[in-house]
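Enquirer: Here the protein sequences line up with chains E and L, keeping their order.
The first sequence begins at 640 in this note's numbering and counts up one residue at a time.
The second sequence begins at 11 in this note's numbering and counts up one residue at a time.
Keep in mind that the hints are not guaranteed to be accurate.
Unchecked claim - In silico SDA-like cross-links for lysine to any residue, where the CA-CA straight-line distance does not exceed 25 Å:
id, chain 1, residue 1, chain 2, residue 2
1, L, K98, E, S855
2, L, K137, L, N94
3, E, K900, L, D54
4, L, K55, E, K652
5, L, K137, L, M122
6, L, K98, E, I930
7, E, K652, E, N883
8, L, K98, E, K652
9, E, K653, E, L673
10, L, K138, L, P47
Stated by the list, open to error - Derived, one-sided and incomplete: chain E residues facing chain L with beta-carbon distance under 7 Å:
id, residue
11, M918
12, W921
13, H1044
What the hints assert, rightly or not - Now the stretches of chain L that chain E is said to cover, found in silico as 3 or more residues with beta-carbon under 8 Å:
id, segment
14, 51 to 65
15, 102 to 108
Treat the hints as calculated values from the structure; they're not laboratory data.
Predicted model only: the values in this text are computed from it and were never measured.
All residues carry an ideal CB built from backbone N, CA and C; glycine is no exception.
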Amino acid sequence: MIKQQFEISAGYKKWTNILLGVGGLALVLGIIFLGMSKEPIEQTRFWAVLLQNSVFFLLVVNASMFFICVTTMAHGGWQMAFRRVPEAISSVVPVFGLLTLIIFIAIVFGHRHDIYHWLDKEHVEHDPILKGKQAFLNPAFFMIWSVVAIGLWSFLGSKMRKLSSQADEQMDQETGRKYIIKNTAWAAAFLVAFGLTVGSTIPWLWLMSIDAHWYSTMYSWYTFASSFVAGMSLVALFVVYLKNRDYLEYVTEEHLHDIGKFMFAFSVFWTYLWYSQFMLIWYANIPEETIYFKPRMQGPYRVIFFLNLILNFAVPFLLLMRRGSKRNYTTIAALAVLIILGHWTDFYQMVMPGTLHEHYSLGWFEFGILALYAGLIMFFVGKGLAKKPLVAEHHPFLKESTIHHT
Amino acid sequence: MALKKFVVGCFEDEKVLFPAVAKVRKAGYKFHDIYTPFPVHGLDKAMGLRDTSIHTAGFLFGMIGTTTAVTFMTWVFTKDWPVNIGGKPNFALPAWIPITFELTVLCAAVGMVLTFCYICQLAPFVKKHTFHPRATDDLFVMVIECGEKTDEQELTTLLNSVGAQEVNTQVAEEGWWIGRYDQEQELYKEPNIA
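Pulled out of the complex, with its shape left as it was, chain E reads as follows (with noise of 0.2 Å):
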């Protein structure tokens, strides 16, 4: 029997209040021990983790509202028998969004200059090279953007979201091509967003301004590549899930290898452009520059560095590069997790050793933040996907889609 209505079952639940439980549990200690700690390297563990945390998922579920709006923009039709999946997992933006902004807030606020040094006005002052950068690095500057982006993504996606739903009523020809052409003009709109705060500014705003002295012109792609591979695998796991309880009856083993293909490519895309970064200033040598990579590569970073390689290069690469394994459920699962994983450790090692230098640790506290991001993505993309049929039955691409053979 196949459903058109997904239905939030017992064992999703479970998971689900399990995630949270252990989640909520992490933090509130976390707030006991670690926020209110008399120490400041735990204050600052408990900022940076909860920062690495809330962007990195926030980037994440964001990545596939650009998915949409890429396939949108091209006219593509395959990926219309899963498209509900990605846009239930993008109406999570607002609410990482706000959660991300609070973090944000009590960061710049609170002048917490062990997450971003730029912070302390007095420091600036001595400090030419900040001094330099001041009319970027100003918490003026960083809220009001912060805010516009994210709302922005909520907006542009709730459209493009809104937009879809039309697609579950009968529509003639004429109709049709007026709604792809108004899908495209908001397709448009959000990648010009996109563009303008996750492919520049965000990146070097959220993150790259913890080394505030240190810049690379790479930095955002590769932070897009991360989070855009994670959110290409979280669609991923998702699909493979609701295909598993027999939902989605239209998305065959073909969605799934192009899906796989686009985690793939992604994988590759993505060690192109840490490797272009790493290589530049590897060659060059220059002290200023170099300074990013140093404690990463030889210092208390090193495993790290060299495993968020192995998970995000080496593993994707070999496995998914047979047409097989990119063909089959179990696979794919296995490796968006591992994929999903390795690029929470890339922003971990993004933001730590700006912060905690060589007291970092990989602990209870970062694991339950971890666990209760996952049980939130599970809570709002269960009750987003419960929320409309899981197909747009009458979308124009639709048949497009139920043909699809690569």
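With the hints as your guide, set chain L onto chain E.
Expert: Relative to the frame of chain E, chain L by itself:
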């Protein structure tokens, strides 16, 4: 070089072709090949062809490229002619990645093209028998190889019944030869239309 007997059925539409392929396959005949004017999705599966191994070949060619690049550069820069370049170690792996990558891609790509040409028997001056001139234009040409026990009459009737526009029997050279197409006259007998 060996002459073989083939039964050729020509179809005008993909939609007719697919059920025909299924029926001919079910009847147990052996496809020599199906010539189509454009790539037809799913035809390989309908014909029961196995997946191509060209990916595996590509991977192996790529590995040859990687190994060649890394070992050669290691030998040059550490054994044969060590040079101090900007104080970098002689074994400067990050600097070699671009070259290793290029050589991997080059070997994989060229190797796969050559393998493909070899398997398909494609090369300059190499000629193969054309079963129907319209196969490159607008006709789907199904060629079935005749064994010793194949009943041509039965096969012709079958092909006609599944919607073939034109059915004939050809005795032709199976492999390739070097030369010109007029030489084919010697290898090609007039079809004895039943």
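Enquirer: The structure should be examined with respect to each hint, and the outcome stated for every one.
Expert: Structure-based check of each hint:
With a CA separation close to 22 Å, the supplied pair L/K98 and E/S855 stays within the 25 Å bound. Between L/K137 and L/N94 the CA atoms are separated by roughly 55 Å; this puts the pair beyond 25 Å, and the hint is violated. Under the criterion of a C-alpha separation no larger than 25 Å, the hint pairing E/K900 with L/D54 is consistent with the structure, at around 21 Å. Restraint check for L/K55 and E/K652: not satisfied, since their Cα atoms lie roughly 41 Å apart, outside the 25 Å limit.
For the hint pairing L/K137 with L/M122, the CA-to-CA distance comes to about 21 Å; that is within 25 Å, so the pair holds. A distance of roughly 17 Å separates the Cα atoms of L/K98 and E/I930; the hinted pair therefore holds under the 25 Å criterion. For the proposed pair E/K652 and E/N883, the alpha carbon gap of about 16 Å is at most 25 Å, so the pair holds. Restraint check: the Cα-Cα separation between L/K98 and E/K652 comes to about 56 Å, which exceeds 25 Å; the hinted pair is violated.
Simply put, E/K653 and E/L673 have alpha-carbon atoms about 29 Å apart, too far for the 25 Å limit, and the pair is violated. Restraint check for L/K138 and L/P47: satisfied, since their Cα atoms lie roughly 17 Å apart, inside the 25 Å limit. The beta carbon of E/M918 comes within 5 Å of a beta carbon in chain L, closer than 7 Å, and the hint placing it at the interface holds. At about 5 Å, the closest approach between the beta carbon of E/W921 and any beta carbon in chain L falls short of 7 Å, and the interface hint on this residue holds.
The beta carbon of E/H1044 is positioned within 7 Å of a beta carbon in chain L (closest approach about 5 Å), and the interface hint is therefore held. Evaluation of the coverage hint for the segment 51 to 65 of chain L: fulfilled, as 4 residues show C-beta separations to chain E shorter than 8 Å, against a requirement of three. For the segment 102 to 108 of chain L, the proposed coverage by chain E is satisfied: 4 residues have a C-beta within less than 8 Å of a C-beta in that chain, meeting the threshold of three.
Hint violations for this structure: numbers 2, 4, 8, 9, all remaining hints satisfied.
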